[in-house]
Structure formats: structure tokens, C-alpha cells
Amino acid sequence: MFDFLSYVPLIGGTLTFLVPFIIVLSVVIFIHEFGHYIVGRWCGIHAEAFSMGFGPVLKTWTDKRGTRWQIAALPFGGYVKFLGDANAASGGADRSAIEAMPESLRARTFEAAALWKRALTVFAGPGANFILSIVIFGLIAMGSGRPSSDLVVGEVKSVPGETIGLQSGDQIQSFNGQPVSVWKDFEEFKFRADENSTPTYGVQRNGEDLSVSGPFPWLPIVSSVNPVTPAAKAGVKKDDLVIEMDGKPIASFFELQTIVQQMTSREVSMKVLRGTEVVDLAITPRSMAYEKEDGSFGERMMIGIGAGLSVSPVYETVGLLGALDAGVGSVWHLAKTFVRTISELVTGGLSVKNLQGPVGIAVASGDSASQGPLELVFMIAFISTAIGLMNLLPIPILDGGHLVIFAYQAIFRRPPSDRALQVAMGVGLSLLLMLMIFATFNDIMRL
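Following the numbering used here, the numbering of the sequence shown begins with 6 at its first residue and continues without gaps.
Among the hints, erroneous ones may be present.
Unchecked claim - With a straight-line Cα cutoff of 30 Å, these simulated DSS-like cross-link-like pairs (lysine-lysine) come out: (1) Lys122 to Lys86; (2) Lys69 to Lys122; (3) Lys86 to Lys64; (4) Lys69 to Lys86; (5) Lys242 to Lys162; (6) Lys253 to Lys276; (7) Lys276 to Lys162; (8) Lys341 to Lys243.
Claimed, not checked - Listed next, with one range per pair, are the computed distances between beta-carbon atoms: (9) Arg279 to Gly252: 16 to 22 Å; (10) Pro421 to Gln267: 39 to 45 Å; (11) Thr205 to Gln266: 26 to 32 Å; (12) Val140 to Phe446: 32 to 38 Å; (13) Lys341 to Gln266: 24 to 30 Å.
Everything labelled a hint here was simulated from the structure, so no lab data went into it.
Computed from a predicted structure; not experimentally measured.
All C-beta atoms, glycine included, are put in the ideal place defined by N, C-alpha and C.
All chains should be modelled from the sequences, with the hints used to inform the complete structure.
This is the structure:
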């Protein structure tokens, strides 16, 4: 998508990652801060400033409500400063300034708003991120559709030279003699297929029941290339067919997994069939986190690709309700994965080496953009969900920390002392900085 930037002298390679990163971050941060701003406005809280970025101001203007909008030079953050805030981080109230205000103005400060209004305004940032993600995931579902319920074959892929009888438009009724009625049944049976024999498909074609040969369902076809992985770095592309790994011929995705899991972290040769061309690649597998069937996490040698089915369904149109269901389901799945990941990191079940920082996000954005605009939009939805969830962590200086403070105030009928808030903010900022430095170190080591 941004490959043309690679031709810029000296900095072309950097731009192919930096430009997508800025696009992803700008969209996610704008939506987050706009959530704070618009809900605060609805709650009668005046916003003094809305800034996209930090550092020197490049462009500024003031709207009719008196809010100063600005674009700053460093596009790696943003903020909304409400009336009465001591600073842009909303780290507390400027009480001396508030006391000097006339009553009409004081009523529009963040500090003067009802507790529930302040909590709603703070939650609105992450909430806006979730809404953005739901909309994007829903639109993707509407665009791509969902598998038909009647097991009609949409596309058949096979290894070159393999003779198969299965055709597009066939309605699958059985697989290796086992009856199937929905795609979920087929998904389960495909794991039991013998990769050394040709599967038999019972199909209905033009009203006639037939028994035909078909491809092994789990061919080493690349359905997706995960960002910031050995595969992305090596130049593996979607729809590549892996035919050789470390000099060993590959017949199935299971075989590829087995070979990779037995490897050490060293560079090996890899051959893929891209269209009609055999492409030689060099790839270095590495230990990566993966989700087990029970929902916990483990680590094993991986290269970072998704398996593509050799038999794909016809897709049906998804309506608005179906899109909403898909969007909410995707965000909910990411939220559960996020919570499990945090739990595994805290308990030691998952190595902190898997943490990813800003450099990793930049590389991931570039990798996604290189696969096409849809993948970049998907990355925006993914990062938006992650930013929303991270901001809800109960760490002072984050939105979640503010919500904890509001909960304390609601329970004890008084806010924490200024001294306690200062200490909490300092500890929270230190934790975030240490986490960011460590994650950035991990990112650099993975480059």
C-alpha cells in the first residue's frame, strides 16, 4: 500500500513503517480523545483545549465554544484539557484557578461536575475506541460476508499436479464417509484427515449425489501473515503455498507446524509457490506466545502465519444486525484475550518477552499496510481495542486509575488527599515508563 515510499532516498525503508504507524495512531488517538471531549461537552464540562500530538504547535484554531483545537509536531499522543484541570493529563484540579473563577464559569469545570458525569467523561475515551472497533469489524463482516449455512463450496485450492474432483458450487454432504451438515462439522473432521491419503467428499451437484476426490483440507496455504513475525520479516505473502522448509518437502500445514516447532532460532531456507513462481526465502523461527485450547497461553517456535483452507465456502451477505453481532463478538474476544494475557504475565505463565511497544506497533502497522488497505484498517480496529483496554487498567494517570479514584470517592464520600494523588500519579507514571522502555527493548531485539 505504501511500497512507493521505499523509493525515497535514505529514509524510504523507515517511511514504509512510519507513515502507516502515524495513520493508525492518529485515528485511534483522535477517536479516544474525541470520546472524552464530546461526552464532557454533553455533561456541561467545558474543554479548553483539544490537541492532536505533543510538542511545538503546527496549527491552531478556536471554535465558537471557546475550545482551542491544535495539531502538534509529535503525532504520538493527544489530550483534552478541561476547564479547571491543572495540566493536560487531567492529573488534578487547579484549585486556586477554580476559586478565582466567577460562579458561572466554575460550574463548567471538570471538578464541579457530578461524580457520575466525570466518570462517564473519563470512560468515554476507551468507550469510543471500542465503538470504533465494533464499527470497523462490523463493516469488514458486511464486506466479506459469512460462510453459507448449506456447505456450498466457493473455492477449491490444491497442490500443483494433484487431480481432484471437488468443484466450486458442490454442496458437501459427507467427508471421508462422515456426514456433515454445517461448516463447523467440516472444520472438526478436517483435523482427523490423513494427510497421506486423498480425502473423499460426498457432494450434491446439479441435483445428483456424487462421491468425488478432494484436496487435503489443511494444505500449507498462507491465509494471513501476522505483523512483527519472522514470516512478515522474511517476505511471506498471503496465498503463498509453502512447499519446502529447511530442505524438507511440505505436504500439509500440520507437517509445517511440526517441523517449525522442532527448530531452534536459526535462519533456514523456505520455498513457497507464489502463483506459478517458486520463491526462495530465508526465515528465522522464534519462540512466540500462542493460545491453547483451554484459553491459557504457551510458547513454542513459530513463524507467524495463519493456515488457509483448501476448501472455502460461499459467503452470504451479512445485514446490520449480523455486522453488529460480528463487531461486538470480535471486540469481546479481544477483551477476553487481553485479560488472560495480563493474568498470565502477572502469574508468570507468559514471558514478558512477548510485550510489544511503540516500535513493534510501528512495524506491525507497516507489515499490515504492505498486505493491503483492508489489513491496515483491521490493524486500526485491533489497536483501537488494545488502547481502550489498556487505558482501563487501574493504574493512576490512565483512565482506569481515574475511575478507581472516582469509585473511592463514591464509597468514602470524599476524594483522596492531594498528597496521595501525587504519589499515586508518580508511581503510575514510573510504572508506565518502565513498561514502555522494556517493551521498546523487546521490539528492538525482534527487529
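Status of the hints after comparison with the structure:
1. Lys122 to Lys86: holds (16 Å)
2. Lys69 to Lys122: holds (23 Å)
3. Lys86 to Lys64: The hint holds at about 17 Å.
4. Lys69 to Lys86: holds (17 Å)
5. Lys242 to Lys162: holds (16 Å)
6. Lys253 to Lys276: Roughly 10 Å between the alpha carbons, so the hint for Lys253 and Lys276 holds.
7. Lys276 to Lys162: Judged against 30 Å, a Cα distance of about 18 Å means the pair holds.
8. Lys341 to Lys243: holds (27 Å)
9. Arg279 to Gly252: 16 to 22 Å: holds (19 Å)
10. Pro421 to Gln267: 39 to 45 Å: Cβ of Pro421 to Cβ of Gln267: about 54 Å, so the range 39 to 45 Å is violated.
11. Thr205 to Gln266: 26 to 32 Å: At 30 Å between Cβs, range holds.
12. Val140 to Phe446: 32 to 38 Å: 35 Å Cβ-Cβ, so the 32 to 38 Å window holds.
13. Lys341 to Gln266: 24 to 30 Å: The hint (24 to 30 Å, Cβ to Cβ) holds, given that Lys341 and Gln266 are roughly 26 Å apart.
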